[in-house]
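Colleague: Residue numbers (this note's numbering), protein chains in the order written: chain A, 1 to 133; chain B, 1 to 133.
Don't take each hint at face value.
You can't tell identical chains apart in this list, so a pair holds if it fits in one copy or across any two.
Using 30 Å as the maximum straight-line C-alpha spacing, the simulated DSSO-like pairs for lysine-lysine come out as follows [to be verified]:
1. K68 - K104
2. K82 - K66
3. K68 - K82
4. K66 - K104
5. K104 - K82
Worth flagging that the hints you see were computed from the coordinates, not collected in a lab.
Each chain, written out:
Protein chains: 2
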Amino acid sequence: MTKETDRDAGASATPPSAQAAPAAPAAPALDPVAELARLRSSIDNIDAALVHMLAERFRCTQAVGKLKAEHAMPASDPGREKDQIARLRELAASANLDPEFAEKWFNFVVSEVIRHHRQIADAGSENADGESD
Amino acid sequence: MTKETDRDAGASATPPSAQAAPAAPAAPALDPVAELARLRSSIDNIDAALVHMLAERFRCTQAVGKLKAEHAMPASDPGREKDQIARLRELAASANLDPEFAEKWFNFVVSEVIRHHRQIADAGSENADGESD
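Bound-form chain A, shown alone (with noise of 0.2 Å):
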């Protein structure tokens, strides 16, 4: 009665082969339809994850906006922008993502972080001008 439970079903109404070779046992028909919804929920969870962290890191880097702006700290340190790259392109091969995709997304954040900050300060704030956490 169980013996079929580990096959699958539709694979069990395929007639027997002429000649039943020990063949590697057939692999059960993926629904490609189905497997598509199964990747999209997952690409869809980790946006939902990527978009939250983004928004964490935002409420990051304004508060260091304010800090430096409250200290009269440089806005701006190239020094930390080239560490920052150069972990991340590691963390990236590490992971097998391209370091090249890695770099260029990080550039894209904080070139729209810089966008950010100077819409606040053309807004009447005198916050920072640059700043690139």
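Position chain B relative to chain A; hints supplied.
Modeller: Structure of chain B alone, referenced to chain A:
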């Protein structure tokens, strides 16, 4: 002996003001350099998480590209992309992240995924030409 423990040592060194008005207790002086280091540590942790989530997202989109190529499914799906953007804008708003920023960020990641898939295709694979998942 312990009456000073919740006060800032630096503040207690200040001579009492000439006319001791009932001022609100002074907030302990913040060390801006230490505070900057603390915020940067958080940013570095968040960036490491972001890079690893991006690596996992990339694994999923590569699997989607492979699946679609193997099953002759259409590479692009404008409806899917529209849904993704609407959802991410909503998530961003709930996390107090500028929805415009979230959408630009998503478009950047998707365009990089497509560019990467094209590079793979140009390198000899018959793989997807515009997979945007």
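Colleague: Given identical chains, is K66 near K104, meaning Cα to Cα at most 30 Å, within a copy, between copies, both, or neither?
Modeller: both (26 Å within a copy, 25 Å between copies)
Colleague: State whether the alpha carbon distance between K104 and K82 is at most 30 Å within one copy, between copies, both, or neither.
Modeller: Both. Shortest intra-copy (13 Å) and inter-copy (24 Å) distances satisfy the 30 Å Cα cut-off.
Colleague: Given a CA cutoff of 30 Å, do K82 and K66 count as a within-copy pair, a between-copy pair, both, or neither?
Modeller: within (22 Å within a copy, 36 Å between copies)
Colleague: Reference check for the pair K68 and K82, CA-CA at most 30 Å: within, between, both, or neither?
Modeller: within (19 Å within a copy, 39 Å between copies)
Colleague: How do K68 and K104 come out at 30 Å by Cα distance, when the copy is not named: within, between, both, or neither?
Modeller: both (26 Å within a copy, 27 Å between copies)
Of the hints listed earlier, there is not a single one the structure fails to meet.
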